[in-house]
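J.: In the order they appear, the protein sequences are chains G and Y.
Note that my numbering gives residue 179 to position 179 of the first sequence, counting from 1, and the numbers run on in steps of one.
Note that my numbering gives residue 197 to position 197 of the second sequence, counting from 1, and the numbers run on in steps of one.
Errors might be hidden in some of the hints.
As the list claims (entries may be wrong) - Derived DSSO-like pairs (lysine-lysine); straight-line CA-CA distance at most 30 Å:
1) K32/Y to K48/Y
2) K114/G to K39/Y
3) K43/G to K39/Y
4) K32/Y to K61/G
5) K185/G to K202/Y
6) K39/Y to K40/G
Stated by the list, open to error - Covered by chain Y, per the in silico footprint, the following chain G stretches (three or more residues, Cβ under 8 Å):
7) 121-128
8) 141-152
No lab work stands behind these hints, which were simulated from the structure alone.
Source: prediction; values computed, not measured.
Don't be surprised by glycine CBs; every beta carbon is placed ideally from N, CA and C.
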Amino acid sequence: MFGVYDYSFQWEDERVSLGVERRGALHVYYRRSQSGSVEKIIKGENGNIILNPVEPLNLPKEITKYLEFHFKPVVIQSESEVTIYLTFPIEIGVFLQDGINYTAIDIFSFSPQKYSLYGTSNQGVITRHVETDVFDRIPKVDDPLATGVMELTLKNSSRSWVEVTRAVFDNISLNLYYDDFVAMKGQMEIFSKSVAETTTVARPLLEGMKASINLFVARQISLSERHQFMMENGVGD
Amino acid sequence: MGWLDTVVYDNITYYHLVFFAVVIIAAFAIAKIVSVYLKKTMSDRVEKSELDTLIKIIQVGIILIGVYIGLPRFEFDLADVVLIGGTLTIVIGFATQKVGSNFASGLFLLLERPIKPGDNVRIGTVAGIVQEIHVLSTIVRDYEGIYVRIPNEKVFTSDITNFVTNVARRFEYSVGISYSDDAGLAMGVIYRLLEQHPFILKHPGPSVFLDELADSSVVIRVTIWCPSEVWWSVRTEMLREIKKAIEAEGITIPFPQRVITFANAIPGAGKDKERVS
Numbered sequence: 001m002f003g004v005y006d007y008s009f010q011w012e013d014e015r016v017s018l019g020v021e022r023r024g025a026l027h028v029y030y031r032r033s034q035s036g037s038v039e040k041i042i043k044g045e046n047g048n049i050i051l052n053p054v055e056p057l058n059l060p061k062e063i064t065k066y067l068e069f070h071f072k073p074v075v076i077q078s079e080s081e082v083t084i085y086l087t088f089p090i091e092i093g094v095f096l097q098d099g100i101n102y103t104a105i106d107i108f109s110f111s112p113q114k115y116s117l118y119g120t121s122n123q124g125v126i127t128r129h130v131e132t133d134v135f136d137r138i139p140k141v142d143d144p145l146a147t148g149v150m151e152l153t154l155k156n157s158s159r160s161w162v163e164v165t166r167a168v169f170d171n172i173s174l175n176l177y178y179d180d181f182v183a184m185k186g187q188m189e190i191f192s193k194s195v196a197e198t199t200t201v202a203r204p205l206l207e208g209m210k211a212s213i214n215l216f217v218a219r220q221i222s223l224s225e226r227h228q229f230m231m232e233n234g235v236g237d
Numbered sequence: 001m002g003w004l005d006t007v008v009y010d011n012i013t014y015y016h017l018v019f020f021a022v023v024i025i026a027a028f029a030i031a032k033i034v035s036v037y038l039k040k041t042m043s044d045r046v047e048k049s050e051l052d053t054l055i056k057i058i059q060v061g062i063i064l065i066g067v068y069i070g071l072p073r074f075e076f077d078l079a080d081v082v083l084i085g086g087t088l089t090i091v092i093g094f095a096t097q098k099v100g101s102n103f104a105s106g107l108f109l110l111l112e113r114p115i116k117p118g119d120n121v122r123i124g125t126v127a128g129i130v131q132e133i134h135v136l137s138t139i140v141r142d143y144e145g146i147y148v149r150i151p152n153e154k155v156f157t158s159d160i161t162n163f164v165t166n167v168a169r170r171f172e173y174s175v176g177i178s179y180s181d182d183a184g185l186a187m188g189v190i191y192r193l194l195e196q197h198p199f200i201l202k203h204p205g206p207s208v209f210l211d212e213l214a215d216s217s218v219v220i221r222v223t224i225w226c227p228s229e230v231w232w233s234v235r236t237e238m239l240r241e242i243k244k245a246i247e248a249e250g251i252t253i254p255f256p257q258r259v260i261t262f263a264n265a266i267p268g269a270g271k272d273k274e275r276v277s
């Protein structure tokens, strides 16, 4: 499904149908699904339609830029690291492209959304909540249009054992890649039970995977971009 | 054009005044052009509040440069300036005590930042959305869309409630159900409903518990945390959904009831005691 298409693009499965129709002198993008219908008139002759997986932070409304994974406890010895695999929901972005310019015209998802609070209400942040199992290798994803895989390297730089059950990532650093499934790579360096730093790695999980458009970066250039997220409210429950 | 050389005061001529006016008007015009240009080119890349601040700083800078360019033409005698300036300061100081107080309050507000444009707030008796914070006053659009200007001194000395400073907030409902209904079933229905809503936070999670055995109903208390940004829409939506969900399970929300016991028999009732409910 993901890729670059011209205006003759049509796609359909049992959950959604989308594409571009010609209506007189205009092109009309449409999406019909159980969650609702979208129609947008496109004025432009030589553009492309891009379908990309995007960070799951836009539905039902964009209220945060933080993605929080909750998983079974992983206990890590001091001065050691471990690589685990997690799953996360994805959203699908529909972009119009003209040369180097592109704009998102629709975002939809086959996964339910849930939000949470990391930290306290006065000093914490709202996060998109992701409940995931922990895998020791790349898990097989049943629905690649709904679920992606994250390779997360946990590095314990503290002087004691640390139990980790969550990881929070800043949206601006999320780098999604896709092929048969969607994936991203992340790192988390733990300094103590209450402080850790997370970032994602701008490299594909498997060779040949294509980079997806980062929706947050596409939308705006912030005056204060941060590529890491400092977890100062703990790494466990 | 000989009138331009006419002296107005000391060695200040009409030429100086005209030059100063032209420079200031030009500075204002340039500031306006730059502001429009920045809005056009940067509005899609910079947050509106950040852009507004940036534009204000640039505008003030341009106008100050204009004043700097225009002023030296007056060639003031420093002693006169000090004398006139000192007198004016005393006069203006007395005349504008309130203005000075508002100005100082405005500076403190900018430093402390209890509110910022876009925040939902209550300042004293005014509730609404902060539009702008000026040096002397704060502009609020109340929830009926009315423009309210509050002097900064009043803002600074009033109780300020900012509904969105904290990223999440809690609200609650009391749901009364009939004594004949299954309270466990009702609580389960409500909890499942809350779990499905994306903006009802997972952590801290919602709480549903039996709160009171009241006169007419069993009261279930529902507490919910959600992002401050969307709390009002969630609050209004969920009350409707809870009512719909528990009624769909056959659970009733009773009217107030009284059990009245008569001490003496009611004629024709055929019983010693008649119970009316």
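J.: Against each hint, give a clear statement of whether it holds in the structure.
T.: Hint check results:
| no. | hint | in the structure |
| --- | --- | --- |
| 1 | K32/Y to K48/Y | 17 Å, holds |
| 2 | K114/G to K39/Y | 35 Å, violated |
| 3 | K43/G to K39/Y | 25 Å, holds |
| 4 | K32/Y to K61/G | 35 Å, violated |
| 5 | K185/G to K202/Y | 25 Å, holds |
| 6 | K39/Y to K40/G | 26 Å, holds |
| 7 | 121-128 | holds (count 5) |
| 8 | 141-152 | violated (count 0) |
Consistency with the previously given hints fails for numbers 2, 4 and 8, ordered from lowest to highest.
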